[in-house]
Amino acid sequence: MGGFLLRKAGAALVVVFLSSVVVFIGVRALPGDPALALGAENRDPAVLAAIRQAYGLDQPLPVQYVKWASRALRGDLGLDARQLPVGHTIITRIPITLELALLAVLIGVVIGILAGVIAAVRRGKLSDHAATTSALVGLSVPHFWLGLMMIIVFAVDLRWLPASGYVSFHEHPLSNLEHLLMPALVLGTGLSAVLMRQTRSAMLSSLTADYVRTARAKGLSERSVIAKHALRNSLITVTTVVGLQLGALISGAVITEQIFVIPGFGRLTLEAVNERDYTLLQGVVLVAATGYVVVNLLVDVVYSLLNPRIRVSGSNTP
Amino acid sequence: MSFVDTSVAAINPRARRRRILRRRFMRRPLAVAGFLVAIAFVLAAILAPVIAPYSAGATDFNALLAHSSRHHLLGTDELGRDVFSRILWGARASIEAGVLATLLAMAVAVPIGIVAGYYRGWVDAAIARLTDVLLAFPFLIVAVGLAAILGPSLTNATIALGIGAAPALIRIARGEALALREEDYVRAAVANGASDLRIIARHVLPNMLSTLIVQATVAIPAAIIGEAVLSFLGLGVQPPTPSWGVMLSDAQSYLAQAPRLAIYPGIAIFLCSLSFNLLGDGLRDILDPRTTR
Amino acid sequence: MRGSFKRFAFLALGLVLVGALTAAVAAARGTKSSASKIRNGGTLTIGLAEEPDALDPTIARTFVGRIVFLAMCEKLYDLDSHLNIVPQLAAALPQVSKDKLTYTIKLRKGIKFNDGTPFNAAAVKTTIDRYLTFKGSVRKSEISPISSVDAPNATTAVLHLSAPYSPLTAQLADRAGMILSPKALASGGSFAQNPVCVGPFSFKDRVAGDHITVVKSPFYYGKAKVHLASIVYRIMTDPSSRTQALRAGDIQVEDRIQSTDVPTLQKDKSVTVSKAITIGYQGLTLNLGNKNGLLKPYSTVDTDLARSQFLRTAFDLALDRTTINKVVFGGLNQPDCFPIAPVSPWYKPSTKGLKCNLHANVDLAKKLVKASGISSPSVNLMLGGTDPVTARLGQVIQSMEAAVGIKVSVTPTQFTTALNRADAGTFDAFAIGWSGRVDPDGNIYGFVSTKGTLNDSGFTNAKLDYILNGARKSLTTKSRNTLYHAAMQIIHAQRPLIYLYHPVNYYGITKKVTGVQIFGDGLIRAQFAGYAS
Amino acid sequence: MSLLAVDGLSVRFDTDDGPVHAVDQLSFTLGESEVLGVVGESGCGKSVSFMSLLRLLPETATVEGSATFDGIDLLRASPARLRAIRGRKIAFVFQEPMTSLNPAFKIGNQIGEVLRRHLDLSRRDARRRTIELLELVRIPAPDQRVDEYPHQLSGGMRQRVMIAMAVACDPKILIADEPTTALDVTIQAGILDLMRDIRERLGTAIVLITHNLGVVADVADRVLVMYAGRKVEEAPVHELFARPQHPYTNGLLGAVPRPGAGRLREIPGRVPSLAELPVACAFAPRCPRADQLSRSQVPDLREVAPQHHVACFHPGPDAEAAA
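Protein chains in written order, with the numbering used here: chain S, 14 to 331; chain Y, 386 to 678; chain L, 11 to 543; chain A, 218 to 540.
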């Protein structure tokens with residue numbers, strides 16, 4: 014397993030490095046002079062030149078990159094247009110998104126895996142049709158629209174839940190949940206639809222697998238056949254899917270936070286794009302990409318834990 | 386002794402396969418419904434200028450936020466524009482983005498994927514790293530970034546969506562090519578000294594077609610929703626051009642006063658992507674019997 | 011949610027420069043603390059519509075930032091409720107030398123910065139020198155005529171100017187007049203992360219995107235007047251949730267209520283709605299001579315609008331400002347045709363006799379289109395924003411121009427990108443706002459004088475240049491009135507810019523709190539507010 | 218009295234492309250400690266028949282007929298009752314030791330599971346017994362192997378593990394479905410040896426499903442030949458080899474390399490599609506003896522010698538082979 018993970022980690026490092034280059038170039042490629050954003054209503058060319066100089070924007074791109082990257086390596090992502098440290102801003106925003114994402118994953122995994130297992134076990138029956146159809150509906154519903162509909166129903170009409178905003182957990186735990194319930198549902202339904210389909214198809218193939226037949230032939234109860242033999246193997250597939258869904262989850266968080274006005278990481282990303290706050294944007298996208306790579310590495314670890322073939326032999330051919 | 390084999394019907398196997406596929410397809414009412422609705426949306430997009438009662442931008446400042454009536458089937462929006470007409474016109478952006486983005490993604494991904502899977506080795510490794518890098522950026526962030534860099538417009542949103550969808554497709558095409566390369570008939574062709582290009586064109590590509598078709602049908606609804614998201618965020622279709630995402634974005638300020646403005650375009654997006662998803666699911670079922678058996 | 015006119019207000023007000031002292035408003039509804047008794051203590055939470063930028067007056071740009079500075083960074087001068095300039099840290103208005111090149115400012119005694127260090131003339135010199143020399147200083151251009159600062163003694167600061175500059179005192183009543191603690195500046199850290207000035211409150215903490223907290227200062231010279239223990243500025247960019255929070259009591263003051271919520275809140279008995287007509291404006295900048303880029307020598311641009319003054323007039327006459335206000339802003343803004351707001355004392359004298367078409371004159375516009383000799387004229391309108399409200403404005407204009415035969419295509423553009431294009435001259439018409447300045451010079455000079463640093467129109471008119479430069483040097487109100495009237499006539503006839511309306515801001519204040527003041531500058535003044543006992 | 222009596226067993230699969238009749242009217246019995254060989258080409262319904270007895274087929278299968286074991290009709294028994302029989306009274310060894318073991322669990326766990334389920338052993342006892350079982354099936358270093366995963370074992374060892382699992386509870390019947398197909402010849406012999414050993418030591422009745430008549434000749438007492446879902450011939454092993462009656466059996470015997478039998482012959486043609494049951498002898502299209510009668514009627518089973526049944530209109534040894 015060590016070798017396998019080491020290789021994966023090496024690849025991840027390369028990806029992070031390349032990502033940082035892409036981030037840097039991408040941010041510079043954005044139209045809209047950062048100096049103009051910093052100078053605001055003051056567009057006197059002399060002032061703009063001074064700003065460029067002050068922020069090092071007048072230096073050649075490779076120099077700027079090296080400066081930025083070497084500081085980023087030391088954990089310093091620079092100061093944003095508000096003169097606040099980007100790293101600190103990101104750190105304060107991430108827990109919010111993380112909480113949202115965790116809730117969503119919880120909802121998605123519980124609903125998705127449960128429904129997927131049920132659908133696979135009752136394949137062709139009414140509950141299977143119901144589950145597969147709702148998964149398809151879940152995949153087809155634009156989530157931001159679902160969010161708007163939830164706001165109309167639960168916030169505007171019924172007044173059960175707040176339409177938007179965020180209250181931190183330590184400030185007011187109940188209110189925190191109230192504010193995150195709809196967003197997490199919106200984000201979780203999409204995930205649960207994907208997971209349901211994946212779980213169902215993984216379960217279907219494990220349920221027809223020879224080892225499940227063996228388990229049945231051993232006289233095991235259907236419950237242990239499904240929950241132990243079939244599910245364990247399906248989860249190996251499903252774990253990788255959860256990992257791959259992470260990008261979708263971050264994307265979903267961007268728009269969900271936008272709709273429900275949650276000051277999380279996703280909203281920070283959009284703010285940075287809209288305000289052309291280039292240091293902030295660089296930091297945000299770099300952290301997103303790194304986070305994604307790291308989580309995928311974690312998924313690989315979980316995957317190897319679930320899959321003894323990788324764990325023991327170090328080979329990743331199943 | 387004469388041994389006569391009569392167990393296999395002597396008909397053209399391709400025609401037979403087509404017939405079987407058609408029969409399997411017709412036996413899936415949801416897939417058929419999806420197909421019909423998808424066709425309806427495509428027609429609506431093409432025929433919008435003919436069938437829409439009003440032009441997309443026709444404002445009536447004396448009928449703001451009107452309820453549905455004989456004149457305005459689904460009422461009017463905050464600028465007095467006919468919502469029904471705008472939904473018809475909006476189908477153009479969605480279908481265009483959905484189809485073109487998918488075609489673009491395919492055009493980018495399939496050759497790259499085939500090259501990676503067919504040649505393997507360092508080419509494959511390099512491409513794999515590249516797709517890893519692309520995949521490291523969440524789809525929407527890539528799309529948002531590209532839309533911001535290229536400037537917001539339907540074309541650029543389509544490009545962004547296409548590029549955003551490519552990495553996943555590269556992986557799929559690579560996997561298929563990798564598997565097909567090991568097939569006997571490909572090996573035979575290699576042994577017979579056929580050129581790589583010929584093998585890819587004659588054997589690899591045609592045999593991954595059904596997988597690609599299924600992927601395309603699934604990628605279209607994703608791109609339709611993607612277009613709506615980008616337009617909703619102001620990074621896609623730019624008003625006054627109608628698009629369902631733009632309509633939703635506009636409607637956001639009127640959730641309390643006129644929730645219908647948010648409901649109708651959402652239903653349109655939902656039905657449109659659902660229809661393609663149903664179609665894609667049906668195609669997958671009939672083309673890939675592994676999932677049904 | 012990005013609904014309503016929040017985003018617009020942002021365009022118009024968001025990026026305010028230094029001298030932007032505002033002025034204007036008749037509706038200034040300062041609820042002076044008097045009637046009921048105020049109890050000491052308590053936290054006031056203000057829901058801000060945007061996030062302030064750097065809390066360092068040297069580089070600060072945003073309108074909301076000035077709201078926060080009001081509580082913790084006092085200035086040499088301030089505005090009273092009638093928008094007159096009054097001394098704050100200075101002991102009196104400046105003594106101006108005859109040649110208008112030397113300003114002598116007497117300072118108040120016994121004042122301490124919030125870190126306990128003394129406030130004196132040396133601090134004034136340190137601060138203004140910083141404003142003039144700091145890399146990336148946004149203050150510099152506001153006070154650039156200052157050539158040097160002397161501090162002959164602890165309570166006297168002398169400013170030497172390189173040229174007469176009548177708006178200087180107004181500038182010193184805004185961020186350029188905020189004096190920073192030399193000790194804090196010398197500490198080497200980022201001043202923005204721990205700003206120290208003279209003020210009733212001192213900076214406590216800031217969480218980006220969430221809140222800024224200031225607490226009552228023990229060093230403040232007038233702390234007897236300060237009732238609140240702390241003020242929390244919460245950043246709530248979504249107007250609906252801001253209103254919701256106000257009604258729920260989570261915040262006590264709401265910055266800029268969105269138009270659709272105004273009627274609701276006006277009916278709410280626990281809330282007072284105050285409004286401030288701003289001194290800013292929203293307009294359309296027409297590209298007349300910006301062919302090569304801002305301040306690159308201007309020459310004629312080959313667009314339909316640039317070619318024909320008739321067409322420009324027709325374009326203007328096609329606009330129904332009343333309908334625009336109704337459709338796009340729920341009728342809450344102030345439609346107008348001039349860069350100076352009606353609330354300004356300069357408005358009437360400078361606009362008298364000029365006609366403003368609040369309603370469209372379609373027939374005349376059509377005739378003028380014909381008279382222009384341009385068949386099927388077309389205009390590309392660049393919108394400085396991609397939000398729904400801006401888009402709506404664009405579409406309404408498009409629809410109105412279509413009625414007189416002018417084809418308008420609309421290009422919504424991200425704000426900074428739009429500025430880039432505007433400065434590069436790659437546009438026909440550009441919808442953009444200006445936050446406004448107290449002095450009329452601030453709303454006019456930069457945009458239409460040949461050397462104006464905001465002259466994206468590329469407008470150049472020797473007569474207008476002469477008038478505006480004269481107005482800058484002239485110190486009497488009467489002569490300036492005359493000059494601005496002359497300037498206004500030229501602008502109104504040539505239309506390098508078409509002005510549409512002056513934004514009106516609405517604020518919600520819980521009735522439990524007294525002493526929150528809104529003047530014509532649209533800033534929320536809460537530093538001396540408190541809870542009624 | 219026989220241990221297991223199957224009567225009129227039919228299995229039909231409903232697929233997208235119509236029904237497939239995998240087994241048609243199969244009847245047979247199995248005695249105590251008897252070894253029954255079941256032979257036929259792949260796809261002839263041998264495996265399906267026996268899996269259907271324990272109801273291990275997917276739900277698309279419709280099973281008719283009866284299968285009496287221990288006074289219970291297996292095809293109608295309650296699921297709970299059936300589960301008490303599976304693995305305890307009747308155990309299965311499947312064809313593919315590679316895929317039939319769960320890759321995610323240690324083999325000890327997989328064997329112990331049966332013991333704990335049926336014999337109520339504690340975790341520790343189960344482990345001890347598992348090691349004994351591994352020893353019984355001649356796996357070296359069983360106390361180490363017990364903690365290994367299937368992918369760490371060789372094919373032959375996996376099959377031994379399968380057998381250990383099957384005999385764990387000392388079942389009455391062991392159904393071995395092509396237990397040696399996937400293995401090398403030398404290992405095959407070892408496995409067959411092991412099965413013989415088990416029968417002798419434990420008195421287990423064994424059903425040996427195979428397409429390899431050589432294997433049957435080695436171990437079986439009685440042989441049942443299946444073709445296209447039907448039983449075409451049944452006889453004691455010596456009788457069958459001595460006097461094969463059905464042309465298909467003759468063909469199979471021809472396909473077995475035997476010393477002195479000359480060139481190995483193939484049965485021409487292919488196994489028919491089972492989509493529609495022909496109202497004829499299913500073998501007719503490939504049969505050199507087929508005539509009008511074969512093509513219009515299904516031949517009944519007839520007893521041609523004691524305990525020797527055949528379903529053919531023209532039974533008899535192959536002239537060529539006999540020659």
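Hints listed in this document are in silico derivations from the structure and should not be mistaken for laboratory results. Keep in mind that a hint or two might mislead.
[Stated by the list, open to error] For lysine to any residue, the following SDA-like pairs were computed, each having C-alpha atoms within a straight-line distance of at most 25 Å:
| no. | chain 1 | residue 1 | chain 2 | residue 2 |
| --- | --- | --- | --- | --- |
| 1 | A | K323 | S | R245 |
| 2 | L | K145 | S | V169 |
| 3 | L | K214 | S | Q96 |
| 4 | S | K21 | Y | A510 |
| 5 | L | K214 | S | D57 |
| 6 | S | K138 | A | R305 |
| 7 | L | K336 | Y | Y439 |
| 8 | L | K279 | S | R245 |
| 9 | L | K376 | Y | A510 |
| 10 | L | K301 | Y | D445 |
| 11 | L | K301 | S | P44 |
| 12 | L | K483 | S | D57 |
| 13 | S | K241 | A | S219 |
Check the hint pairing K138(S) with R305(A) against an upper bound of 25 Å on the C-alpha distance. violated, 31 Å
With the threshold set at 25 Å, check whether the alpha-carbon distance from K376(L) to A510(Y) stays at or below it. violated, 66 Å
Assess, step by step, whether the Cα of K214(L) is no farther than 25 Å from the Cα of D57(S), and give holds or violated. violated, 34 Å
25 Å limit on alpha-carbon distance, applied to hinted pair K241(S) and S219(A): violated, 36 Å
With a cut-off of 25 Å on the C-alpha distance, tell me whether K21(S) and A510(Y) pass. holds, 13 Å
CA of K301(L) to CA of D445(Y), is that 25 Å or under? violated, 37 Å
Need the status of pair K301(L), P44(S): alpha-carbon distance at most 25 Å? Roughly 20 Å between the alpha carbons, so the hint for K301(L) and P44(S) holds.
Could you grab the alpha-carbon distance between K145(L) and V169(S) and see if it respects the 25 Å cut-off? This hinted pair is violated, its Cα atoms lying about 49 Å apart.
CA of K336(L) to CA of Y439(Y), is that 25 Å or under? This hinted pair holds, its Cα atoms lying about 23 Å apart.
Given pair status - D57(S), K483(L), alpha carbons within 25 Å: holds, 21 Å
Hinted pair, alpha-carbon criterion (25 Å max): K323(A), R245(S). Please report holds or violated. Judged against 25 Å, a Cα distance of about 13 Å means the pair holds.
When you check the alpha-carbon spacing of K214(L) and Q96(S), does it fall within 25 Å? holds, 16 Å
Violation of the numbered hints given earlier is confined to hints 2, 5, 6, 8, 9, 10 and 13; the remaining hints are satisfied by the structure.
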